[in-house]
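*Asks:* We have chain A; now place chain B onto it with these hints.
2 protein chains.
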Amino acid sequence: MFRKLMTFDEAKQVISEQLKPEALGEEEIPLLEAYDRVLRENVVSALDIPPFNRSTVDGYAVKAEDTFGAEENQPAKLTTRGMVSVGEPPKISIGKGEAAEIVTGAPIPEGADAVVMVEDTDSEDAELRVYRAVTRDENVMKRGTDIKKGETVLKAGRVLGASEIGVLAALGLTKVKVFKVPVVAVLSTGAEVTEPGKELPAGKIYDINAYSLSTAVRESGGKPVYLGVVPDDKAELRKALEHALASADMVMTSGGVSVGPKDLTPQIVDSLGEPGLLVCGIAVKPGKPTTIALIGKKPVFSLPGHPTSALLLFHLLARPVIQLMSGRPATEVKTIKALAATRMFSAKGRRTFVMVKLKRDNLDKRVVEPVETGASGAITTLAKADGFVEIPENQQFIDAGEEVVVSLLKGAL
Amino acid sequence: MFRKLMTFDEAKQVISEQLKPEALGEEEIPLLEAYDRVLRENVVSALDIPPFNRSTVDGYAVKAEDTFGAEENQPAKLTTRGMVSVGEPPKISIGKGEAAEIVTGAPIPEGADAVVMVEDTDSEDAELRVYRAVTRDENVMKRGTDIKKGETVLKAGRVLGASEIGVLAALGLTKVKVFKVPVVAVLSTGAEVTEPGKELPAGKIYDINAYSLSTAVRESGGKPVYLGVVPDDKAELRKALEHALASADMVMTSGGVSVGPKDLTPQIVDSLGEPGLLVCGIAVKPGKPTTIALIGKKPVFSLPGHPTSALLLFHLLARPVIQLMSGRPATEVKTIKALAATRMFSAKGRRTFVMVKLKRDNLDKRVVEPVETGASGAITTLAKADGFVEIPENQQFIDAGEEVVVSLLKGAL
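The listed protein sequences derive, respectively, from chains A and B.
Going by the working numbering, the first sequence opens with residue 17, and the numbers climb by one from there.
Going by the working numbering, the second sequence opens with residue 17, and the numbers climb by one from there.
Chain A on its own, in the form it takes in the complex (with noise of 0.2 Å):
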């Protein structure tokens, strides 16, 4: 097992390069399900839209050539027979010198070519005066003009919104092929802390990542399966690891990732199979004792035990990678700009990553500050951290008024 710090750049270089996430396999559900989830292929229309020639407008159906020549002054004199009805097909055919009664969407009878609208006309009884002529085609939606049959209405990795199910819809579809969403198992490791909704133990504290981790995996597209907390012991964290494994597409650990002796998860997962750890610390501040593997095919990513590094480091590296393999783009990260209210340090050679809150200054500037996220900041940082300021590997501070890009967290992980 390798101790060499990669830089971020490089660990980001290995999961393009090495774990390669890609989308999973697909799944047949329901239209009204598939709200957020992602097209699986691209979709063909089997029917014209509309299947038939429509009316645009409320009046007669005729036949063009009869209205030729019609004006204000000269009517054109024609014999009504009957009324076509919307969502039903025409029972009427109409023949040289003849009309029907149509309302808007109704479908245009044999023999008409044209509609004239009501305001047109005046009838008595079965004659129909027409004042304005119309040509071919007028106010008709002929057969499929909105879609062809055979056309690609939708493409393959779409994101299903209400437009998106709308349109399936419109082709007649109630189901449809999307990928499958990535299964993530979430544990958490250390000994010094127990699951909420247990007595808490003496000496321990509830921990918080395997909650907070869950929900930024169903934030991410994915789906979380809560494993808890695993006693920090090799033989039960081996087993927990290979049933996570085996139970779930991709693996996400916290905790027990320093330099302590009694870390075991990193050495453990590389034991678990090929090609095993890929990147085993990162130069970044917070978050050093980050470690990737793969596993088969399965990635495992191990998050610091600090709720703010590891959240912080599962937006940076391991959201991307579940994006991926529920067949969506690896999103950007919404970015605003503001000015730095102090100055803020980075840590020598390490990628910095700053945690913040925005705020408006006495000009109605918005400005951000740092928020704590030491360890006596665990819980209030998760609760007032509205972003982070990014401070490359050489820089060595941001200085108080200098402009900076916020990355959000809301919304965003």
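Any given hint might turn out to be false.
In this list, chains with the same sequence are indistinguishable; a pair is considered to hold if it fits within one copy or across any two.
Here are the simulated SDA-like cross-link-like pairs (lysine to any residue), alpha carbons at most 20 Å apart as the crow flies [unchecked claim]: (1) Lys350 x Ser263; (2) Lys193 x Val420; (3) Lys193 x Ala399; (4) Lys171 x Lys400; (5) Lys28 x Gly213; (6) Lys381 x Phe361; (7) Lys426 x Gln339; (8) Lys250 x Ser101; (9) Lys239 x Ile45; (10) Lys314 x His259; (11) Lys364 x Phe84; (12) Lys375 x Arg359.
The set of hints was computed from the structure by calculation and includes no laboratory data.
*Replies:* For chain B alone, coordinates are given in the frame of chain A:
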């Protein structure tokens, strides 16, 4: 029943002053399922976090005064009394001149009030030499430093993401009180539509709206109940609307609200209870026939039959109501600026919404061009529109090259 068109702003005012949407009741749910739900009440911590004084470093727990005066050349000499493990109550207590080995996160043993870092010491058997003095509380995170018992940690109304769910887990909670999700019954009317999945009878088209609006309800934080297509018959429609009102907190219909003789929906809705119809037609384009009613405490929105118009009016008027009913703030629509690629006309005296597609022009500037929304673009508009541009009632057109604000539909609806 009245038929006077309201302006768009009047309709919004009626919604806020007469419909008065507000959060429904509360329910307690498992914390692991609380993603994207809204906190019902302030959460107050029932415990100090950390619940005990913890070491923030690896080293030796000592009485600070025993190290006073210690220097590189003149170490303080202490006697090691054993080790304090992480996650367990200390089994040792420290007397004058004594020390205990301790790791990060472990509880400070009784008698000790500071921790010397391991790099400032050396030891041989039970003798410990300390080369640097520590002050009282140095390297100690005191009980309650992060969160104090009785402190309000999260406020009512907060939407629960990964961070918030992590905070609640830290308090030991596994359940949380959230606002109920509004249940919205969605049905389509109109003789020309039939439900997807069934054979398409001659003269009909597949219904889009019950699918697209059900999805839009979900996107807005509501729970849709899909009721499909109701036959265009007075008795059937009445029965369906009564059923919808009985089984949901809100009802969303579409179709059957233009001026034709078969447009029964508003009449029937008005007869179902007090106060009945509040808005009966709005001076907007598209979407003029939109009606809004309140039956008891349940809003009923009747949207146009045209799929894009229905979704647009949902977005403009119904979505904020669903958000408020779910305890959320009515979120601002995301907007971006772009240049109009062509002149866009408004409808005289009506607030006009032009559906548009975003593109890049030759100079890589972001431009928008209108998407056909008439009869012949029912589905292609849904598939292609990225958002809409609003033209005020008193403005005739937006000129080509003018900068416009585009309200984005994707991710916003």
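*Asks:* Taking the hints in turn, state whether each one holds.
*Replies:* To see whether the hints hold, each was checked on the structure:
1. Lys350 x Ser263: Close neither inside one copy (33 Å) nor across copies (39 Å); limit 20 Å.
2. Lys193 x Val420: neither (43 Å within a copy, 38 Å between copies)
3. Lys193 x Ala399: Close across copies (18 Å), not inside one copy (39 Å); limit 20 Å.
4. Lys171 x Lys400: For Lys171 and Lys400, the Cα distance is within 20 Å only across copies (12 Å; inside one copy 40 Å).
5. Lys28 x Gly213: neither (37 Å within a copy, 45 Å between copies)
6. Lys381 x Phe361: So Lys381 and Phe361 fail the 20 Å test inside a copy (22 Å) and across (37 Å) alike.
7. Lys426 x Gln339: both (17 Å within a copy, 18 Å between copies)
8. Lys250 x Ser101: between (76 Å within a copy, 17 Å between copies)
9. Lys239 x Ile45: Result: close both inside a copy and across copies, 16 Å intra and 18 Å inter.
10. Lys314 x His259: Answer is within; shortest intra-copy Cα gap is 13 Å, inter-copy 48 Å.
11. Lys364 x Phe84: neither (86 Å within a copy, 31 Å between copies)
12. Lys375 x Arg359: within (15 Å within a copy, 40 Å between copies)
In the structure shown, a violation is registered for the earlier hints numbered 1, 2, 5, 6 and 11, in ascending order.
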